[in-house]
Amino acid sequence: MTELLLIIVSAALVNNFVLVQFLGLCPLMGVSSRVDSAIGMSFATTFVLTLSSVVAYLIQSFILTPLDITWLRTLAFIVAIAVAVQLTELALKKTSPLLHSVLGIYLPLITTNCAVLGVALLNTNRAHSLLESAFYGIGAAAGFSLVLVLFAGVRERLALADIPAPFEGTAIALITAGFMALAFMGFAGMIRL
Amino acid sequence: MSWLVPIGLGMLGLGLITGLGAWLLDIANRRFKTESDPLVARIDQELPQTQCGQCGHPGCHPYAEAIAAGEAINRCPPGGQDTVDRLAELLGRDTLPLDAEPETVGQDTVAWIIEADCIGCTKCIQACPVDAIVGAAKLMHTVITDACTGCDLCVAPCPVDCIEMIPRPIPENRWVPPKPSVIATDRYPQAGLAHG
Amino acid sequence: MADLNIQTTRFQLPGGIEPEMHKACSTETPLEQLDTPKHLYFPVHYSGGGRGESLVHVGQRVSRGTPIIQTDSGVVHCASRGGQIVCVEPRAVLHASNDISDTIVIETDERLDQDYLEPLSWPWTREILIQRALDAGIIGLGGAGFPSHQKWGAQHTLVINAAECEPYLTADDLLMRVDAHSIVRGACLLARTFEIQRIVIGIEDNKSHALDALTTAIQSARSDCHFEIVILPTRYPSGGERQLIWLTLGEEIQSGQRPSQHGILVHNPGTLAALSRAVDGKPITDRIVTLTGDQMRSPKNVLAPIGTPLTELLAAGHTDLEHISSLVIGGPFMGFEVMHHDVGMTKTTNCVLVRDPMPLPIEPCIRCGACAEACPVNLQPQLLLNALESQALERASHEGLADCIECAACNAVCPSHIPLAQWFRHGRARLQADTEAQQRADAARLRFTSRTERLERLAKEQEARRTARRAQSVDALARVRQAREGNPS
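Chains as they are written, first to last, in our numbering: chain A, 1 to 193; chain B, 1001 to 1196; chain C, 2001 to 2489.
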């Protein structure tokens, strides 16, 4: 039980995928201009991350290892993630067409979110069990969501501020993300995992 | 020939995974079928509903459909630059300058029939896209001010030229005070400024 | 014999400020009746109750109480003194917009004839009282000027706003001292007509004379209404509608809801006194105006006829235009600056404030948060300002701009002297204008689609009729041919 809790805290805060491991920066910059689209995106990514880390574990255990084709891992995981993302997109288009149009191109781009592939591959590297893989995915998603929403909140305020012209837009956003990454360094060493 | 085995197994494995995925997606596609595009309704919500036709389309909804199909978003003068910017944000496109004469933008006008000159021909009633003119043949015509959008399509058909566009009358409690001036050394100091 | 129950409030305002009240100077002298001025000005559109039209023409003679303006809401404004209509011309109005409106100018004469309505005698129906309120021109005399009858309906509690929390204002205080009886009678009449079960008076603790007068009036009243008096600590803005309801009843009116939805009705004491007089047949013709400020030589309260020129009011205070730096109608927080001084006072002119306000330089916001502490509605003025300065009206609306009561308490505490309330007044008015434009647009869309469908339906019906006619004529032709072939003659 403690193991699983530690996995979640580690994935969410100490080794935060966005601000410590610097994966998944594309949706961070793309969807964080408004808090409501950030919240929508974080729900979608959480769903995809959890689903694909479980599916990746299953593929690794039941197809790749028995057939001794673990060298095709990256390709197989990408296919699985793509399927998961497509499922999410179809479900979202049906249930909330508004959110679907707000997220736009960034929804299918979850496929290329390196955090999703990263979680799947790291699960394999660390030889997590099924439950541990799932919790690792949940923790990673929680950390991603936290950073995305926080960042969106800051960016909404930044949009109203009087920023010098060379820094407007993505420039000030990246600088702000840098400051947030510095802040997350405070978690370093909290858990040794 | 032993190198064929891993390739074969690889193809088998990937084929399995891809096949499973495709089958799942097929089921999902059928279960989650969606109908028409709600984007058009969202675009239409941003347009001012003047129904004047200045964009080149017979009404605001046809223009919304055209925008969804890719038409330029800056063709609506009654909406002003504000509408262009909001549409740009909604669609994720770049904003454009409004394609209209500067004098025609931003005026909230309504039609006014000079009743002394009206001959009761019903030409303006037929022209109004929102049914804002009340009247019948050989009877007095008058404009329902609250329903009038200021599109001025009624002005041209009138044979006696008795319709004019006037600024929309605003009741006293709908007056919009100006923004406070940035410099405090104004001639008339603002009421309520911090003071002992 | 009406009974009475006095208590202090159990509730507190979440924000608010306690500025210097400056009320003593204008309450030292007794109420004065202003002499009838030579001219009276009645703006057709800015007298309260919406846009209006004149009921009189140039050259007509009117008496005190003759209806002269009919407004869109049904409220009728009456001449406050007898005289002749000399002209109806565009003049500046006494309104924050300093707009121009057609104004009826009456030249008064010495005749004292009256043109009053028939006094009502109980019992009367609600409709009769509402019609009487319209005919007597009763609008909210507390400052907003909202047609009072529009608030009446299914309410169980009447709250009388005797707080008068804004500094310098003492008009309601004086009214309660000299005519508490009319206030009590008006409240009882309204309660009886609309079956209001509870009457609560909210009064600040700096009005001891008014409290005594009210107590005496209630105890000697002939009706059997039950009154509760709740004494509030002197704090601005305890007299705001929602703030008063919270302090007296402990009920919170949610954002977006109105007190009438909770069954609560709030009225200014002057409005109720006017209602009492209206039932006796007298329309509103005069009101108490506080003349005060550091530059007012003789601060006092005067009972002035509606339409009195501002210059006459200043003269009553022994002050003239050359010796004043600024002239504000209303109090230092919610009042507005007047640009034109040759204008007539309206029913909502409660105070003339002349003083030297010493404008202070506006500096950038330092995010100190003092404004958030002072806000009685628990808003964040610094966030609202940020949004409004960047034209982000939707953001400001999300932060609660619609709930701002424009009390300007935040203005008073801002160390950078930023005119916050002016920003919010601008923003709220823009928001309201945008909402109404959106509603008009939605209605226009509906009318457009209905019209398109109707035209299509008519075209189809016409087409169907045409096809039917053609079929008929083809049919007839065929029959004729058949007949001819069968009968070759």
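Keep in mind that the hints were calculated from the coordinates and are not lab data.
As the structure is a prediction and not an experimental result, all values here were calculated from the model.
Where a beta carbon is used, it is the ideal one built from N, C-alpha and C, also for glycine.
A couple of the hints might just be wrong.
[Stated by the list, open to error] The following label-pair restraints were derived from C-beta to C-beta distances:
1) Pro2233(C) - Ile163(A): 42 to 48 Å
2) Asp1146(B) - Gly2256(C): 22 to 28 Å
3) Ser2223(C) - Arg34(A): 56 to 62 Å
4) Pro164(A) - Ser2450(C): 28 to 34 Å
5) Arg1031(B) - Gly2256(C): 36 to 42 Å
6) Asp1146(B) - Gln2007(C): 45 to 51 Å
7) Arg1031(B) - Gln2380(C): 43 to 49 Å
To see whether the hints hold, each was checked on the structure:
{"no.": "1", "hint": "Pro2233(C) - Ile163(A): 42 to 48 Å", "verdict": "holds, 45 Å"}
{"no.": "2", "hint": "Asp1146(B) - Gly2256(C): 22 to 28 Å", "verdict": "holds, 23 Å"}
{"no.": "3", "hint": "Ser2223(C) - Arg34(A): 56 to 62 Å", "verdict": "holds, 59 Å"}
{"no.": "4", "hint": "Pro164(A) - Ser2450(C): 28 to 34 Å", "verdict": "violated, 52 Å"}
{"no.": "5", "hint": "Arg1031(B) - Gly2256(C): 36 to 42 Å", "verdict": "holds, 39 Å"}
{"no.": "6", "hint": "Asp1146(B) - Gln2007(C): 45 to 51 Å", "verdict": "holds, 48 Å"}
{"no.": "7", "hint": "Arg1031(B) - Gln2380(C): 43 to 49 Å", "verdict": "holds, 45 Å"}
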